[in-house]
Amino acid sequence: MLGIQNILVREFETAIVLRRGVPHTRLDAGRHFVIGRAQVLVFDRREPAVLDRRLHEILRSGLIDAIATTVDLNDNQRGLVWIDNRFFMALAPGLYAFWNDPHTVHIEVLDIQNDALQLRHKDLAAITDNAAAQRLLDVCRIDAGMVGAKLIDGRFIETVGPGTYAFWRGGRKATIVELDTRETLLDIGGQELMTADRVTLRLNVNVVFRVVDPARSVETTADVRQTLYREVQLALRTAVGQRELDGLLNDRDSLADDLTTSVQDAADRVGVQLISVGVRDVILPGDMKELMNRVVEARKAAEANLITRREETAAIRSQANTAKLLADNPALMRLRELETLERVAQSGTLQVLVGEGGLTDKITKLI
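Note that the numbering used here numbers the sequence shown so that position 110 is 110, with each residue one more than the last.
Derived by calculation from the structure, the hints in this document are not laboratory data.
We put the beta carbon where it would ideally sit given N, CA and C, even for glycine.
The following label-pair restraints were derived from C-beta to C-beta distances: (1) 252 x 325: 48 to 56 Å; (2) 125 x 253: 50 to 58 Å; (3) 70 x 178: 34 to 42 Å; (4) 138 x 198: 52 to 60 Å; (5) 320 x 283: 49 to 57 Å; (6) 276 x 222: 20 to 28 Å; (7) 131 x 180: 24 to 32 Å; (8) 85 x 8: 29 to 37 Å; (9) 246 x 320: 40 to 48 Å; (10) 125 x 180: 17 to 25 Å.
Work out the full structure: start from the sequences and follow the hints.
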């Protein structure tokens with residue numbers, strides 16, 4: 001006896017009857033009686049995608065051609081699906097079907113073999129924010145003040161400005177390397193070096209640079225900062241090793257100029273402009289610092305002693321000139337005597353203690 005299945009297909013559903021595993025009949029909304037052995041697949045069309053492992057057989061039967069939109073993508077194609085004018089998902093190579101009712105379906109098919117490897121679309125933001133699309137896209141965002149070097153299969157193509165860029169996966173390898181074209185400070189600190197006179201010290205150097213040729217930068221080095229760091233480090237060892245400590249301490253600018261000259265070729269090679277190179281700190285070991293302090297202290301003491309001697313010599317020379325002037329001019333000498341008596345007279349009490357008789361007579365006579 002043949003069995004009968006009572007099937008109720010609701011308004012938003014579509015059913016497919018399979019006989020012996022092969023799609024046989026489509027059932028639309030309503031009540032249906034299926035006679036005999038059969039499997040009934042019921043699809044809820046409110047879900048836009050037709051999802052079933054037998055999709056290929058269903059589409060080949062033609063049962064849903066009138067009520068679904070289908071697309072078959074090869075290895076060099078990708079798809080963008082819009083449901084009711086809103087982005088729904090991105091499609092990898094394969095066979096897909098979407099119900100036309102109750103939704104409006106639009107599918108864009110893109111060829112990624114040529115220029116479409118990069119996804120350029122007016123709704124790029126909506127596409128790149130979609131989780132399903134993110135699995136098929138490499139997304140790169142370039143911030144303000146930065147530039148991007150676009151590479152395809154490792155070959156530089158062009159420089160791009162700030163913005164969002166997306167590339168399809170699975171084809172040629174496309175990447176964007178982000179580069180900062182603003183002035184950048186590279187701090188090279190704690191370099192232990194030995195001078196020509198065998199003094200060990202530590203130097204801190206600041207390098208300010210800017211990327212001016214992004215193409216050259218990405219083609220010649222994986223890390224601009226690391227390349228500059230290494231070049232300055234080597235140049236610093238050479239420059240310090242050729243100088244004695246006193247010369248280094250007295251002329252840091254000369255050391256900075258030598259570093260700039262030594263590193264310039266390497267900077268040009270990686271597309272970088274050197275803006276400034278400066279020696280920030282020269283740090284001596286503890287015993288050497290103490291010794292240098294004693295040297296400075298002795299030098300300052302000698303300078304102070306020299307200044308004192310110069311002042312004493314000037315005073316003696318002034319006194320000698322005064323004595324000679326008084327000896328040559330008796331009237332001037334008498335005037336000086338009167339000035340002295342005037343100052344003596346202003347004092348209430350005058351005590352004069354002398355030991356030589358002749359000097360006593362002279363003072364008495366003067367008074």
